[in-house]
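Chains P and Z supply the protein sequences, listed in that same order.
Start counting at 1 in the first sequence, then tack on 43, and there's your number in our numbering.
Start counting at 1 in the second sequence, then tack on 1, and there's your number in our numbering.
Simulated from the structure, these hints should not be mistaken for lab results.
Computed from a predicted structure; not experimentally measured.
Keep in mind that a hint or two might mislead.
[Said to hold, decoys possible] List of simulated lysine-lysine pairs, DSBU-like, C-alpha gap at most 30 Å:
id : chain 1 : residue 1 : chain 2 : residue 2
1  : P       : K418      : Z       : K5
2  : Z       : K15       : Z       : K129
3  : Z       : K15       : P       : K174
4  : P       : K165      : P       : K418
5  : Z       : K5        : P       : K164
6  : P       : K394      : Z       : K320
7  : P       : K418      : P       : K394
8  : P       : K347      : P       : K174
9  : Z       : K129      : Z       : K320
10 : P       : K159      : P       : K174
11 : P       : K347      : P       : K393
12 : P       : K164      : P       : K393
13 : P       : K164      : P       : K347
14 : P       : K159      : P       : K393
15 : P       : K393      : Z       : K320
16 : P       : K174      : Z       : K138
17 : Z       : K15       : P       : K165
18 : P       : K174      : P       : K319
19 : Z       : K15       : Z       : K191
20 : Z       : K320      : Z       : K138
21 : P       : K159      : P       : K319
22 : P       : K319      : P       : K165
23 : P       : K164      : P       : K319
24 : P       : K174      : Z       : K5
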Amino acid sequence: MTPEPLGTPDAMATRETLDLLEGFRDPELCRGLLVRLERELDRELRFMEVCGTHTVAIFRSGLRSLLPEGVVHLSGPGCPVCVTHESEVNAFLDLAARERVVLATFGDLMRVPGHKGRNLKKAVADGARVKVVYSPADTLRLAREHPDDLVVFIGVGFETTAPTIAATVLMARAQGVRNLRILCFHKTVPPALEALMADPDARIDGFILPGHVSAVIGVAPYAPLAERFGKSAVVTGFEPADILQSLLQMVRWRSRGEARVANNYTRVVRDEGNPKALEVMDTVFEPCDALWRGMGRIPSSGLKIRPEFEEFDALREFGLTIGETPPLPGCRCGDVLRGRIRPDQCPLFKKACTPAAPVGPCMVSTEGSCAAYYKYQVE
Amino acid sequence: MIDKVLLDFGSGGKASQRLVAELFVTHFSNAELNRLNDAAEVRCAGRMAMSTDSFTVDPIFFPGGDIGSLAVHGTVNDVAMLGAVPRYLSCGFIIEEGLPMADLERIVESMGRAARHADVRIVTGDTKVVPRGAVDKIFINTTGLGEIVADPAPSGDAARPGDAVLVSGTMGDHGLTVLGARAGLDFEAKVRSDSAALNHLLVRLVRAIPEIHVLRDPTRGGLATTLNEIAQSSGVCCEIEEDAIPVRPEVAGGCSVLGLDPLYLANEGKFLCILPEARAEEALAILRADELGRDARRVGSVTDAAAGRVTLVTRLGGKRLLNMLEGEQLPRIC
């Protein structure tokens with residue numbers, strides 16, 4: 044098949060869509076929705092969002108400070124940096140130190156701490172070659188610029204980024220690029236949410252589902268949340284009115300004794316997702332078990348490179364295996380990601396763990412719930 | 002005809018001499034420089050403001066400016082933020098061997114033009130050429146000297162509860178332009194650096210309103226970082242209204258695509274002014290009468306709510322912190 048560039052929701056943020064978005068930020072509209080939410084709320088609603096962009100949107104817009112008292116906001120395992128397992132972090136930090144390796148990464152990973160305070164920024168200071176890229180396709184150019192080296196792209200992220208990386212692999216093969224490798228740590232969202240709900244201690248009444256992920260996978264993969272666990276879940280856009288509308292729907296369904304999985308982001312997400320992107324992803328990757336920070340091993344929640352494309356597999360190239368490692372001492376990122384505690388209930392928050400010296404990745408990623416709490420929350 | 006800068010040019014020999022005579026003296030020409038003594042003789046009186054800055058911007062040419070104009074504007078503005086009239090600049094060049102002569106000429110010419118516009122004289126300088134890879138193309142250091150006309154001089158620790166917070170124009174233009182140019186991104190709507198010398202406008206402002214407490218240019222770290230620095234050193238709280246902060250739609254759009262916040266992006270032709278509420282309208286009128294202050298806005302107030310804190314009232318009416326960043330902003334994964 045011929046790979047084509049895949050449109051992402053961000054790429055569509057042209058002037059026209061920005062003007063359109065203004066409507067979803069309209070303060071009057073949002074105030075009206077807040078009044079209705081408060082009026083129709085019959086008991087506490089503990090909702091979880093599972094996307095770093097939602098985390099930031101809720102804090103940055105000030106929405107969090109305006110939610111009715113009975114609406115409790117939890118940030119789930121939706122920040123790709125935050126759920127990247129310690130052993131995966133150690134693996135790419137080890138690779139950075141190798142001769143003849145040029146690492147390519149999205150910027151978020153530069154400050155993620157591994158054991159003993161290592162991170163990519165420090166690796167660069169020690170002479171490692173690490174390039175920040177904006178798009179996985181940039182790695183093809185890097186590979187051409189470094190013909191005598193192996194360019195290794197750190198493939199971290201959910202179904203949002205996985206198709207573009209799969210497309211890059213297809214382009215690399217079509218163009219005969221031989222020195223590109225992918226360190227494939229991709230994760231998929233629906234199995235993680237099912238794992239969360241399977242925990243008997245989970246106290247979650249509903250989910251705000253990540254719009255960007257559903258732009259690729261659609262709505263159906265989340266059906267078990269309603270069918271098995273009796274919770275509503277709504278695919279939601281990133282503007283305040285989008286989020287409020289989804290919360291209101293969840294409250295209404297619950298009061299009628301219903302649990303539904305629905306698409307409230309129809310301006311971007313089709314119910315069936317993006318078949319083209321799914322096909323590209325399925326061509327290059329296959330499901331595998333994956334390690335999630337704070338949640339451990341979750342069956343079929345990761346993606347690995349299919350044997351047909353093994354020449355691009357960095358794990359194979361360097362003979363790496365990713366195993367369980369002891370968690371960072373004292374760090375309760377795992378409990379934060381499961382919605383068990385608020386960031387400020389972690390004993391390390393703002394004390395041993397700050398953005399200047401992050402202990403866990405929820406503090407280092409700009410989309411991590413601890414960093415958002417630290418950055419935006421007025422006590 | 003030599004088309005690239007060679008190591009010889011920094012040797013102190015004839016090649017250096019030619020570079021100085023043909024390039025620097027031509028474009029910077031003034032009585033103090035033209036004598037080419039080891040030091041320049043300058044005339045100063047009273048309280049002086051002095052500031053130095055090194056410029057390493059990548060790329061060296063960007064929409065709206067270049068490393069040369071930036072090196073003049075940056076230091077001129079820093080001196081002017083003390084309510085001073087900038088008079089003299091020094092400049093030190095560290096040049097990577099192999100830099101095209103045409104690029105160097107373009108940069109030096111741009112510095113000369115910027116200095117004439119700002120009415121400052123580049124009176125002394127130094128050039129070093131280093132082997133390939135020792136620097137990235139060209140680094141420029143400038144030091145500025147100016148006479149303080151404000152009494153007392155504005156200061157970052159002088160904000161008081163009851164003051165108004167003004168910004169002289171739109172936020173984030175320079176930072177987004179440079180980040181976009183560095184990443185080779187072609188924005189649909191063109192963004193341009195706001196790099197400009199603010200001294201004429203600032204001197205007019207401090208002469209008309211001597212009660213100005215703080216003047217700061219929100220360069221690296223942007224408006225949010227500068228406000229936090231002021232809140233901390235003055236021991237006050239700044240309460241800012243998001244709706245009031247001017248940001249160009251194309252800058253807001255570019256930031257939204259890249260996952261950046263314009264309030265943390267550098268500005269090179271804007272300043273923040275904190276002064277007693279009673280003089281705020283008058284200051285805004287002076288700013289808006291000038292091309293460089295046309296988009297000036299009042300963005301918030303200084304209070305005694307919580308020392309060292311900056312809060313933002315969002316467009317929705319919610320309230321959150323406007324905190325400092327730990328390091329540079331990093332583009333995100335998705």
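Here is how each hint holds up against the structure:
1. P:K418 x Z:K5: violated (48 Å)
2. Z:K15 x Z:K129: Between Z:K15 and Z:K129 the Cα gap is close to 14 Å, so the pair holds against 30 Å.
3. Z:K15 x P:K174: violated (41 Å)
4. P:K165 x P:K418: holds (24 Å)
5. Z:K5 x P:K164: violated (34 Å)
6. P:K394 x Z:K320: Distance ~24 Å between P:K394 and Z:K320 Cα, so the pair holds.
7. P:K418 x P:K394: holds (14 Å)
8. P:K347 x P:K174: holds (23 Å)
9. Z:K129 x Z:K320: Violated: Z:K129 and Z:K320 sit about 51 Å apart, past 30 Å.
10. P:K159 x P:K174: holds (23 Å)
11. P:K347 x P:K393: Given pair P:K347, P:K393 is violated - Cα atoms ~37 Å apart, limit 30 Å.
12. P:K164 x P:K393: With a Cα-Cα distance of about 22 Å, the restraint between P:K164 and P:K393 holds, given a limit of 30 Å.
13. P:K164 x P:K347: holds (27 Å)
14. P:K159 x P:K393: holds (20 Å)
15. P:K393 x Z:K320: Holds - the C-alpha atoms of Z:K320 and P:K393 are around 20 Å apart, at most 30 Å.
16. P:K174 x Z:K138: holds (19 Å)
17. Z:K15 x P:K165: Violated - the C-alpha atoms of P:K165 and Z:K15 are around 43 Å apart, more than 30 Å.
18. P:K174 x P:K319: holds (29 Å)
19. Z:K15 x Z:K191: violated (44 Å)
20. Z:K320 x Z:K138: violated (45 Å)
21. P:K159 x P:K319: violated (43 Å)
22. P:K319 x P:K165: violated (39 Å)
23. P:K164 x P:K319: Violated. P:K164 to P:K319 sits at ~36 Å, over the 30 Å cutoff.
24. P:K174 x Z:K5: holds (29 Å)
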